[in-house]
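S.K.: The task is simple: from the sequences and hints, build the whole structure.
The primary structure of each chain is shown beneath.
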Amino acid sequence: MELPVLPTDKTGEGNVIVTSLDTLFNWSRLSSLWQMSFGLACCAIEMMSTAAAHYDMMRFGVIPRPSPRQSDVIIISGTVTLKMASRVKMLYEQMADPKYVISMGNCSNCGGPYWEYGYHVLRGVDRVIPVDVYIPGCPPRPEALLEGLMKLQEKVRAQGKDIEFTE
Amino acid sequence: MEQLGIIERLQSAFGETLGVWHASNSESAYARRMGSFFQVSDPARLLELAFFLRDEPALAFDSLLLLSSVDHGDGSLSVVYHLESTVYRHQIVLKITRPMAQARVPSVTSVWSHANWQEREAWDMMGIRFEGHPDHRRILLEEDYPGHPLRKYFKEPDFYHGMKVPN
Amino acid sequence: MPEILERNIHSHSLLHASAPVHLPDRVEPKRLHTEEMVLNIGPQHPSTHGVLRLEVVLDGEVVVDVIPHIGYLHRCFEKHAENLTYPQVLPYVDRMDYIAAMSGEHGYVTAVERLLYIEVPEKVEYIRVLFAELQRIASHLIAIGTFGMDSGAFTPFLYCFRDRETILEMFEKTCGARFLYNYMWVGGLSHDLHPDVLPMCRDFLKKSRATHQEINDLLTFNHIFVERTAGIGVLDREVAINGGASGPMLRSCGVKWDIRKDDPYSIYDRFEWEVAIGSSDRGEPGDSFNRHWVRMQEWEQSLNIIEQILEQFPRQDATDVQSAIPKRLKPPEGEIYSRTETPRGELGYYIVSNGDVKPWRVKVRSPAFSNLSLLPLLSRGYLVADLIVILGSIDIVLGEVDR
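Protein chains in written order, with our numbering: chain E, 1 to 167; chain D, 168 to 334; chain C, 335 to 737.
Everything labelled a hint here was simulated from the structure, so no lab data went into it. For glycine and all other residues, C-beta sits at the position ideal for the given N, C-alpha and C. Hints are supplied without guarantee of correctness; some may be wrong.
[To be verified] Using C-beta positions, here's what the derived DEER-type ranges look like:
hint, chain 1, residue 1, chain 2, residue 2, range
1, D, 296, E, 70, 38 to 48 Å
2, D, 172, C, 380, 45 to 55 Å
3, D, 255, C, 715, 41 to 51 Å
4, E, 147, C, 662, 36 to 46 Å
5, D, 243, C, 555, 51 to 61 Å
6, C, 381, D, 267, 41 to 51 Å
7, C, 715, D, 265, 38 to 48 Å
8, D, 243, C, 536, 33 to 43 Å
[What the hints assert, rightly or not] Which residues of chain D face chain E? A few of them, derived with a C-beta cut under 8 Å, are:
hint, residue
9, 308
10, 310
11, 327
12, 330
13, 331
14, 334
M.R.: Structure (structure tokens):
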């Protein structure tokens, strides 16, 4: 991240950083996105694998928290059924602002493989809650989930500024 | 005991009018499992038959493997019972067919407690009533879901609790 | 025992007026007037293995009744199976029991091959059994890891996932997918075995035996773990058979019933291995400790089977794995019930065919569904923390319960 740095003092070390409050807040938010463990189906296993030692989501600052009050991001991993949709909405509303939503996997993006004959499947979780990042895949590899997290971090970094978020 | 032996036992105990034995006409090694079933013609005697199959020492069908429901597409529904004996290792298949307007069958929950959830699912998916079931409610879908989905001419609802369902 | 208060939500008629209370000896029940409380666990909860909702009626900390509510992951598998052709159904079979996808596929292709009277080449059978046993180990690793996590031990979870990554690497080299493979096709396989897999398997055997010993030391023989699981959630033998239990849940009661031995399919009769059943060394047969113990022993027996496969594998065989796949999959009219032994229990497929390229009806006998229906029976009278342990020991996968 780019921080305007004052000219160093006579000892050669800069010890004052001047930046905007927005940048500081965005930086602290994106470095500690606590996720609500909301595993629904097969993608939840890939989410668990990403949190385990091999891929290690925690080095990005992402810690699984069980309660919606203590989390920043909810990763909808798995198929959202009609029965579950009202509970997803309730959990999303219980989260405190600023909150972000990652839709992981084809099922929560658009209904996935169940789009055609699934009478009990919600075709995309964006029919009930607003989504920030969509991660394609069935299931997405752990690397794909990490890339999705990094995209969300880019989005958070650009928050509140007059920058067009084109990527 | 061979399948024919079991059928002879049944017919000697209940008479010839209990049902019809449809044997699979294949000579292959899989003939034992392939399509042979006993079509029970009088549903009112089902409970008596079930108790006999379970308690008769030579038959000892102590395990209900699966209870499924089939829609034949011509206005009739069937309930299919797969039974097995862990003592003698023999299996038998019972089938009861009813017209859709009178889809009522006695419940065998008092014989095999496995049937409890299996019958609830058959009610949920196919709309077959099980008389005498202790807890006759839907198991997979919500109580207010319109229709029974696995019927052949089922059409999914357009809106459910305010959410758009079709594609 | 206070009277059961009337609840205006679905009254469960199997509720008994008085349940036996299993408090430890040193706790004395206080003689105070108490009322019951209904606690809702789930559908989002860190310890339920998926979206399962448990309505628990509590008297203090003692469970009076628990009513499971399922269907939050009902993805209409059976409707899809009626509208797609036989090979197209295979990815959906994967996604039902997503933790042991190879076993689910094995069951489905065995059923359809029996309908079609196809025999597959020997090499295909060996690869299928090898992958099914590797998948059994991978699934038990998750079951053991999450069971440890439910009881409070976090470390075995990480060790189990580390080992599972090795197995997934072998699968990925062969068919390209980490899990949800779409690998076993009706009449053959989608890809031939990758040349690296057999040497990787040999290394994996050594490492896995060491991990097995490690998990035994860390978890199974750990005094705290034994105290938490022995004698908890005891399942009676007759109740288990009558109630439709299968797999490790049935075998932990002392019933020696394994479909690989009692109703053999594929080439399982060529290998020598033991069926693991529960014992009374620690706890009693049918309790949560024995369900865990049966899984640990099955892991070891699967390693024995894999060792024998590595010896017997037809390495010089150059048959094409897709040679027996029919050009047009159109089974004759008929029906079949075919079952296999998955890590969870007996997975059965009842397929009705009317001679078309699409099945007329596919009904799945899901082991997790039947095992879960026994949860209320197992947990009456225990504490809430024990309820979580019992649920973990049943080892359910909601994709399979709800289909």
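S.K.: Each hint needs a verdict: does it hold in this structure or not?
M.R.: Outcome of the hint check:
{"no.": "1", "hint": "296(D) / 70(E): 38 to 48 Å", "verdict": "holds (47 Å)"}
{"no.": "2", "hint": "172(D) / 380(C): 45 to 55 Å", "verdict": "holds (54 Å)"}
{"no.": "3", "hint": "255(D) / 715(C): 41 to 51 Å", "verdict": "violated (35 Å)"}
{"no.": "4", "hint": "147(E) / 662(C): 36 to 46 Å", "verdict": "holds (41 Å)"}
{"no.": "5", "hint": "243(D) / 555(C): 51 to 61 Å", "verdict": "holds (58 Å)"}
{"no.": "6", "hint": "381(C) / 267(D): 41 to 51 Å", "verdict": "holds (43 Å)"}
{"no.": "7", "hint": "715(C) / 265(D): 38 to 48 Å", "verdict": "holds (41 Å)"}
{"no.": "8", "hint": "243(D) / 536(C): 33 to 43 Å", "verdict": "violated (56 Å)"}
{"no.": "9", "hint": "308", "verdict": "holds (6 Å)"}
{"no.": "10", "hint": "310", "verdict": "violated (11 Å)"}
{"no.": "11", "hint": "327", "verdict": "holds (5 Å)"}
{"no.": "12", "hint": "330", "verdict": "holds (6 Å)"}
{"no.": "13", "hint": "331", "verdict": "holds (6 Å)"}
{"no.": "14", "hint": "334", "verdict": "holds (6 Å)"}
The structure is inconsistent with the numbered hints 3, 8, 10, although it conforms to all the rest.
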